[in-house]
Amino acid sequence: MIKIKNLSKTFVDANQSVMVFDNFNLEIAQNELVIIFGPSGCGKSTLINLMTGTESYGSGSIEGLHGIKKIGYVSQRNSLLPWLKVIDNIAFGLKLQGMNKESRHKEALKLLGEMDLIGYSNFYPNQLSGGLSQLISFARSVAFKAEFMLMDEPFSSLDFFVRNKLQDIILKIHKKRGLTTVFVTHQVDEALYLGDRVIALSASKPTRILLELDTKGVKDKKSEFFYKLQRELLSCYQ
Amino acid sequence: MKKLILGLLLVALIIAGIVVLMGRSQDQNQVKQIEHQINYAQIKVFDPVYIALDKGYFKDEGVTVNLKGETFGGPQALMATASGDVDAGIAATTAIINAKASGIKVKGILDVQTAFEDSPLMKWYALEDSKIINAIDLKEKKIGVNTLGASFHYTTIEYLKKHNISSSDVEFVVIPHGNLEQALRAKQIDVAGMIDPFNEIAYDRGGLRVLFTAYDVLGVNQFSLIFMSENKINSDPEAVFRFTKAYKKAVQFIENNPEQSANIIANVFKVDKKYIPRHEFQPSATVNKDDLRFWLEFMRAQNVKDLDALISEEIGTNEFNQ
Amino acid sequence: MKNDSILSNLKSLAWRNFSVWVFLFLWFMIGWLEWNNKVFIPTLPEVIINTGKLLLTSEFWVHITTSLSVITIGFFLSVLVAVPIGIIMGSNLKVNSALQNFIELIRPISPLALYPLFIFSFGIGFMSKLAIVFWVSWIPLLFSIITGVQRINEDYLRMAKTLGASKRQMITEIVLPAIIPWAIMGMRLSVGSALLVIVAAEMIGSNRGIGFFILNASYTFKIVDLYSGIVVISIIGILINAFFLLWEKKTHNYNNKKI
Chain A
1 MIKIKNLSKT
11 FVDANQSVMV
21 FDNFNLEIAQ
31 NELVIIFGPS
41 GCGKSTLINL
51 MTGTESYGSG
61 SIEGLHGIKK
71 IGYVSQRNSL
81 LPWLKVIDNI
91 AFGLKLQGMN
101 KESRHKEALK
111 LLGEMDLIGY
121 SNFYPNQLSG
131 GLSQLISFAR
141 SVAFKAEFML
151 MDEPFSSLDF
161 FVRNKLQDII
171 LKIHKKRGLT
181 TVFVTHQVDE
191 ALYLGDRVIA
201 LSASKPTRIL
211 LELDTKGVKD
221 KKSEFFYKLQ
231 RELLSCYQ
Chain B
239 MKKLILGLLL
249 VALIIAGIVV
259 LMGRSQDQNQ
269 VKQIEHQINY
279 AQIKVFDPVY
289 IALDKGYFKD
299 EGVTVNLKGE
309 TFGGPQALMA
319 TASGDVDAGI
329 AATTAIINAK
339 ASGIKVKGIL
349 DVQTAFEDSP
359 LMKWYALEDS
369 KIINAIDLKE
379 KKIGVNTLGA
389 SFHYTTIEYL
399 KKHNISSSDV
409 EFVVIPHGNL
419 EQALRAKQID
429 VAGMIDPFNE
439 IAYDRGGLRV
449 LFTAYDVLGV
459 NQFSLIFMSE
469 NKINSDPEAV
479 FRFTKAYKKA
489 VQFIENNPEQ
499 SANIIANVFK
509 VDKKYIPRHE
519 FQPSATVNKD
529 DLRFWLEFMR
539 AQNVKDLDAL
549 ISEEIGTNEF
559 NQ
Chain C
561 MKNDSILSNL
571 KSLAWRNFSV
581 WVFLFLWFMI
591 GWLEWNNKVF
601 IPTLPEVIIN
611 TGKLLLTSEF
621 WVHITTSLSV
631 ITIGFFLSVL
641 VAVPIGIIMG
651 SNLKVNSALQ
661 NFIELIRPIS
671 PLALYPLFIF
681 SFGIGFMSKL
691 AIVFWVSWIP
701 LLFSIITGVQ
711 RINEDYLRMA
721 KTLGASKRQM
731 ITEIVLPAII
741 PWAIMGMRLS
751 VGSALLVIVA
761 AEMIGSNRGI
771 GFFILNASYT
781 FKIVDLYSGI
791 VVISIIGILI
801 NAFFLLWEKK
811 THNYNNKKI
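Protein chains in written order, with my numbering: chain A, 1 to 238; chain B, 239 to 560; chain C, 561 to 819.
Treat the hints as calculated values from the structure; they're not laboratory data.
Some clues are possibly wrong.
Stated by the list, open to error - If you want a taste of the chain C side facing chain A, the calculated C-beta under 10 Å gives, among others: (1) 719; (2) 723; (3) 725; (4) 726; (5) 737; (6) 738; (7) 740; (8) 809; (9) 811.
All residues carry an ideal CB built from backbone N, CA and C; glycine is no exception.
Kindly generate the complete structure, drawing on both the sequences and the hints.
This is the structure we're talking about:
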């Protein structure tokens, strides 16, 4: 359970100061896949950075993260080690923890199996297409048994078909293993399909929550209900 | 296409380079013979040529001797004749033998360095306080010589042989003449084979002891010659005759005026004249055929390559020395 | 299929060394036509045969192994020194700026100018030659490694940190693998310089080694031997370079951009 309480952050540069967050509140339940949705510049990435600790906030608190030592982070820029094969990349976190080769390869292979990606185990990252790299990054965090997963628009540069496939794999793993996840995107379909809950952030500052949608179980993209949700989400931004 | 052009360019460059290299050895024929002149590779040793120049003997005989270079050694001087840069110089008999064996056309024509009892020229030194006294003490020691395959090196081997020691029981180290004293004093070598003025300067500084001399090993032995290129001999024998005459005059002067000669040489070396020892010469500064034979046989016994076709008669001649 | 790739490999090998073949062919032709200066330019067959003969003698191998042993040990020493210092300098700006200027100062000092100093300190023989090989090897390697460290993608370091890597693991798991292409480049430079310098260094105070062999050959007018010595050095250089290229290819594999 992660609680963001009365978070405030001001961004100051040479000429101006902008209040990015003003008493912002958000709760994320255990094993929940929460979508942070919003247009570019609405503060999604800042929120992520505040959670990872890359940026600092002015006042308020973020609870529930202190105990967590293992945070998984996936972004557009994957950080797969180019000199390691896919299987070794996935097992990397486990290697750092001192697990022996046999065991960690076993773990990695198991995960690859669940993702239907066994065929890629001996590939090098430069041989993978964009989407797959993100998946392997994801797999690395999963293998590592991260307690909290942050995904910052990992699929935004990929095409429609690839994205769909990847979304399904994420869902599958999330269903099987459970993992508290915060997923940032500006894609409407992706938000509604993937998330248990969608948090729509405002474009204007200070950033506030415009809408919260419960999207658990929403998996049929062609249904009327899906279409209804799309309109509801988009209407916030009119 | 690009590769082909580059390849052809390279071919053209290589051909050009080779033509240049080939041309070099033909150069000396092109020099106009206005007067009798000899390009002489200057090697800073006790050389009667310096006396002859100082006393004007060459001028008297009507031959011009041009000193070339500053830091020639025997092998370099020989190499310079092959490329036509010089006509004559000084080299150890062994170096001349090697040069001839490789196809360089030169001939020894005059004596320049011969070991005599009172002036052995080549001496071997150890530090005074070292335990090296006899031949047997040389075992497993480092012996510094100016180069391998030349007089000092071979004479040392002969010395060891005379005392039943194999040359593989010692370690020869190549050190240029000018650095031998330093190496010896720094104990980087145990024995140094040195020639004047270096050995005189070193000995004068103290702390050194003479182990043996070339005379001790070889008796009276001619080990260095003035050589002349066969090209010069064939194209301008008159110059060689005149050169020889002037040279012999200089040798005579040296034998009769050792002090003055030492002065002249000391000026060339830019050292104090007390470091210039007495030099003696073969009668009339001739080439000693027996010693030519000695060195040729010695080198053959050392398994030096390519000497089969050589006859000692070809190495040196006295035809210009009447 | 298999035959195809062997043939195409040979073809590409031939093309890549086109200029070498041209050079060798010309050399051979000049000898065959007897255009060569008999004293200073032996024919290609003469050199090849002589080299072959020499390689059958144990003395020649003593020369080869003497030079190689100095190069190898000197090179490894330089790796031992340059890698840690390079990593520290590459990752720490303060240390880098503190040491950078000093190294720039000593860098242009000709190794052959320092050689007498090494002889004075270490005596004639193995140690002074080792010192000069070390000297000439470690600085190019150092700079390559510094560059390599500075070019490490920050994402990797951050990622490793989030995965809980210890400081030691950061170095062994991220830094060292990341700098390998740079290290190899530096090593190629180093070994090349080492080869050059050992030949020169052996011309003083030696009685063994390829450099000594070459010098001795020139003094005793064994010109064909001189060429053989040069040929052997070339071959050693080629082999060492080939080894590095192979290593580079193996690691470069992952760097190849494939769609």
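Against the structure, the hints come out as follows:
Taken as an interface hint, residue 719 of chain C checks out: its beta carbon lies about 4 Å from the nearest beta carbon of chain A, inside 10 Å. Taken as an interface hint, residue 723 of chain C checks out: its beta carbon lies about 4 Å from the nearest beta carbon of chain A, inside 10 Å. Taking 10 Å as the C-beta cut-off, the interface hint given for residue 725 of chain C holds, the closest approach to chain A being about 5 Å. Contact between residue 726 of chain C and chain A, as hinted, is supported at the beta carbon level, the nearest pair being about 8 Å apart and thus within 10 Å.
With 10 Å as the threshold, the beta carbon of residue 737 of chain C comes within range of chain A, its nearest partner Cβ sitting at about 5 Å, so the hint holds. For residue 738 of chain C, the shortest C-beta to C-beta distance to chain A is roughly 8 Å, which falls under 10 Å, so the interface hint holds. For residue 740 of chain C, the interface hint holds, since its Cβ comes within 10 Å of a Cβ in chain A; the closest pair sits about 7 Å apart. Taking 10 Å as the C-beta contact cut-off toward chain A, the hint placing residue 809 of chain C at the interface is violated, the least distance being around 14 Å.
Taking 10 Å as the C-beta cut-off, the interface hint given for residue 811 of chain C holds, the closest approach to chain A being about 7 Å.
In this structure, only the earlier hint numbered 8 is contradicted, and the remaining ones agree with it.
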